[in-house]
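Here the protein sequences line up with chains D and U, keeping their order. Under the numbering used here, think of the first position of the first sequence as 8, with each following residue one higher. Under the numbering used here, think of the first position of the second sequence as 8, with each following residue one higher.
FYI, nobody ran anything at the bench for these hints, they're computed from the structure. Fair warning: there could be bad hints in the mix.
Since the list can't tell identical chains apart, any single copy or any two copies may satisfy a pair.
Cut-off 30 Å, straight-line C-alpha distance, at most; resulting in silico cross-link-like pairs (BS3-like, lysine-lysine) [said to hold, decoys possible]: (1) Lys-238 x Lys-254; (2) Lys-82 x Lys-254; (3) Lys-21 x Lys-51; (4) Lys-139 x Lys-21; (5) Lys-254 x Lys-115.
Please read all numbers here as calculations on a predicted model, not as lab measurements.
Protein chains: 2
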Amino acid sequence: MKTLMAIGGAINRKNPEVLREFVRRTGGSAARIVILPQASALAKTGKDYANLFLSLGVRSAKVLEYRRRQEAGSKAQVQMLREASGIFITGGNQMRLSALFGGTALEKELQDAYQRGCLIGGTSAGAAILSKVMIAYGKDGPTPRERIVQLAPGLGFTDKFVFDMHFRQRDRLGRLIYSVATNPGILGIGVDEDTAAIIEDDVSVWACGSGGITIVDGSQISSSDVAEIEKGGPVAVSVLNLHVLTKDCCYNRETRAALIPEKVLLTE
Amino acid sequence: MKTLMAIGGAINRKNPEVLREFVRRTGGSAARIVILPQASALAKTGKDYANLFLSLGVRSAKVLEYRRRQEAGSKAQVQMLREASGIFITGGNQMRLSALFGGTALEKELQDAYQRGCLIGGTSAGAAILSKVMIAYGKDGPTPRERIVQLAPGLGFTDKFVFDMHFRQRDRLGRLIYSVATNPGILGIGVDEDTAAIIEDDVSVWACGSGGITIVDGSQISSSDVAEIEKGGPVAVSVLNLHVLTKDCCYNRETRAALIPEKVLLTE
């Protein structure tokens, strides 16, 4: 199975439920995790995550570090990625990731890893980068506006979804709606902090963690002026289908339906 | 025609497009406007709006002021409301309005005015109060959570809608979704600042002003755990229909469809 895990940032370090799920899905104590810290400007980010994963009981957690494009693709780096059961991409600035990995031998190695079943996950910028077209930066607010968002090419593990992180905390519905209205063939997923959207085989979307994920489905849009609005004006769009999902809820991209577990237990 | 006008707060005083629309719909230069300032704790709020309306060319703009419940219902007050072509309710705290008007003779006069075609409009708290069940207060954020919102009885001109104001600016999608999920028979309308939702005969909803209105239609909800979640946990709900409408867009509550004006003009 091919699996992506988009985490909304601000993982609860004291109770990292989303990272436990990452570990569970990458082999538990047998997991071999490689951390890509390039989005972060802090030297210690990679090491911090390695220690966090080791504290969760994995066998191996290594940092693949480099900061110059021409350093991408060494034998040691390739070897690390080929042995990994999970690749974790830290937060920071997603443009650093696309600028450093795009078009290198490592980009191809990452694709190969994904295809063979290595889980690819990331938090914040490391989640944004997972899609073919990613939200690079933008403004906040629930009303979509012209140019509210700037899109850029991501690492492209999926072309079916676009992710936006820190969703509840930074009020990003407007830019996600704008992204979806721009091309309704792409499903928008807004991920709250300390929460993950887990994508299996580009079809099933699971929610995990303490918050919610918001799925914005534009496939039923019948009318929109997104292509005509200028100068940052508000955009009209009708009708969007919205699903708000929490832990253990699942959405199917093919049927466009969500499954919310029954919480009612009738007592006698 | 019966008309309500829910304004999202923060009206642009230099270019009060939404108040011009209020004036246009209440008789233009022949308009007789009565201002209800009770939501505001500032003594000058009523007078400020009266001056603003007079500067827009209306014949009459009077403030109906009182601050003790037992003062509600004097002959002079009743006379003012009976002569009004438009009643404007200022912002502040919507609980002050329900506490001062609820169950008084003036509440009945307001209902009578609405039934005979007097436009009832308000901004911020003055808009929240228009519905039978109103959002009294709550927390912000796009993810619905248990108890994210406290509902209270409003003045009840409509039982088909619930309004939430400062929508884009204060990130209130979560509490509006929660309100709608609680009772999907009620249509949620989030109104941006300096923007109005105009409701005609409880069916047509027009957008007016510089921002957008967000319509949350819960009639297609097939699954939700809103009744079971406890302790402020996030609520799951699927599927909501969302419409984001801007100036001159119109939504019909009966057909559940929106009309977005065509902006494309093909040139030869």
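Hint check:
1. In this assembly of identical chains, the alpha carbons of Lys-238 and Lys-254 lie at most 30 Å apart only when taken from different copies (15 Å versus 39 Å within one copy).
2. For the homomeric pair Lys-82 and Lys-254, neither the shortest alpha-carbon distance inside one copy (40 Å) nor that between copies (59 Å) is at most 30 Å.
3. Proximity of Lys-21 to Lys-51 under the C-alpha cut-off of 30 Å is restricted to the intra-copy arrangement: shortest distance 18 Å within a copy versus 51 Å between copies.
4. For the homomeric pair Lys-139 and Lys-21, neither the shortest alpha-carbon distance inside one copy (33 Å) nor that between copies (44 Å) is at most 30 Å.
5. With identical chains, the CA atoms of Lys-254 and Lys-115 are never at most 30 Å apart, being 33 Å at best within one copy and 47 Å at best between copies.
In this structure, the earlier hints numbered 2, 4, 5 are contradicted, and the remaining ones agree with it.
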